[in-house]
Amino acid sequence: MIENFIDDEKNFKKERITLPPMENLSLIRSFREKFYSLVSQIPEGRVSTYGELARSLGSNRAARAVGKMLNENPRPEVVPCHRVVKSDGTLGGYDRGKEEKKKLLEKEGVSVEDEEIVNFEEVLFTDFQSDKPLETLREEQMELKEKVSFGDDEGDFATIAGVDVSYSEQRAYPAISLWDRKKKEEKEAYVTKVEVDFPYIPTFLAFRELPPLLDVLSEAETKPDVVMVDGNGVMHPHEMGLASHLGLETKIPTVGVAKSKLCGKIMEDVDKQNRVSEVRKDGSLIGHAVLEGERAKNPIYVSPGHKVSHENAVDLVREFCQYKVPDPIRRAHIKATKRRKKDE
Numbered sequence: 025m026i027e028n029f030i031d032d033e034k035n036f037k038k039e040r041i042t043l044p045p046m047e048n049l050s051l052i053r054s055f056r057e058k059f060y061s062l063v064s065q066i067p068e069g070r071v072s073t074y075g076e077l078a079r080s081l082g083s084n085r086a087a088r089a090v091g092k093m094l095n096e097n098p099r100p101e102v103v104p105c106h107r108v109v110k111s112d113g114t115l116g117g118y119d120r121g122k123e124e125k126k127k128l129l130e131k132e133g134v135s136v137e138d139e140e141i142v143n144f145e146e147v148l149f150t151d152f153q154s155d156k157p158l159e160t161l162r163e164e165q166m167e168l169k170e171k172v173s174f175g176d177d178e179g180d181f182a183t184i185a186g187v188d189v190s191y192s193e194q195r196a197y198p199a200i201s202l203w204d205r206k207k208k209e210e211k212e213a214y215v216t217k218v219e220v221d222f223p224y225i226p227t228f229l230a231f232r233e234l235p236p237l238l239d240v241l242s243e244a245e246t247k248p249d250v251v252m253v254d255g256n257g258v259m260h261p262h263e264m265g266l267a268s269h270l271g272l273e274t275k276i277p278t279v280g281v282a283k284s285k286l287c288g289k290i291m292e293d294v295d296k297q298n299r300v301s302e303v304r305k306d307g308s309l310i311g312h313a314v315l316e317g318e319r320a321k322n323p324i325y326v327s328p329g330h331k332v333s334h335e336n337a338v339d340l341v342r343e344f345c346q347y348k349v350p351d352p353i354r355r356a357h358i359k360a361t362k363r364r365k366k367d368e
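Residue 299 in our numbering sits at position 275 of the sequence shown; the count goes up by one each step and never skips.
Incorrect hints may appear among the rest.
Below are the DSSO-like pairs computed for lysine-lysine, each with C-alpha atoms no more than 27 Å apart in a straight line [said to hold, decoys possible]:
#1 K217 <-> K366
#2 K283 <-> K171
#3 K156 <-> K169
#4 K362 <-> K207
#5 K171 <-> K156
#6 K365 <-> K283
#7 K110 <-> K127
#8 K362 <-> K208
#9 K58 <-> K156
#10 K289 <-> K171
Rather than coming from a laboratory, the hints here were simulated on the basis of the structure.
Please take these sequences and the hints and turn them into a complete structure.
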């Protein structure tokens, strides 16, 4: 399902993007099923915790996603989500309520007093059999970061794109807005709708948003010279944010534009007089804090994704910052949100 808005000007080059299959795509698509299979390993009469499940997936950062996926369990009669409790032995949440969770556990022989598991350590299950998919994805990130280039691609970046994704449950609405850099005009825009199986997990955002973004990029009739991404480039704890993933996957130069800082230290105060400051991590430059737009009170965080220098990344973003967020990303956000609300 595509919404497109096209201005067919002769000078606007037409070249569709041809994309190769994404590495580990099958793992990403099967991630939720892998999770529910882990939950199903918890025996009757035993309990486990959000943290134990997160570690079995391969990262403690997944603990919050574990809770969300438990609440979204499509087969409660098969997948025993009621057997997952908090790390201190208290019941935690349950989509049918704590009383029902208590009844189910007691029926299986687990004693509960004052919403707390009796003899918690004795009934705690930790012996999960798992291939730890998040470790596989982290290894991919570490391998890919060595391929990131900070050298500016040849050309003048005449066609600029911004991308963003809006969500409704497990549906994603990715959007791309393509601009003529010289005229500062939007020329094309596309929105698609796709199902998403991978949850939001901090530092693993690319594996959630990359498939939807590749989907909408493949629909664009014009290949952009550079893509601004609502997300981080190398300003990332593992120097491999969404913008870097997208650049390597498409071989198109990318710039990361984030609203929050995942890592690093801002070297100087950013204000109306000093609009730009370096952000460094362990002494190395990883991006810049940029304050643009008359109404902006807090900076955005700009970093190269791939095939763009730090200097050009900042200059390009500032060039399009009529508001706090650069116009191509802002327009993509508006279109994605509008399309999502249309379905709600």
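Taking the hints in turn, this is what the structure says about them:
no.: 1; hint: K217 <-> K366; verdict: holds, 12 Å
no.: 2; hint: K283 <-> K171; verdict: holds, 25 Å
no.: 3; hint: K156 <-> K169; verdict: holds, 21 Å
no.: 4; hint: K362 <-> K207; verdict: holds, 25 Å
no.: 5; hint: K171 <-> K156; verdict: holds, 24 Å
no.: 6; hint: K365 <-> K283; verdict: holds, 23 Å
no.: 7; hint: K110 <-> K127; verdict: holds, 17 Å
no.: 8; hint: K362 <-> K208; verdict: holds, 22 Å
no.: 9; hint: K58 <-> K156; verdict: holds, 9 Å
no.: 10; hint: K289 <-> K171; verdict: holds, 25 Å
In the structure shown, no violation is registered for any of the earlier numbered hints.
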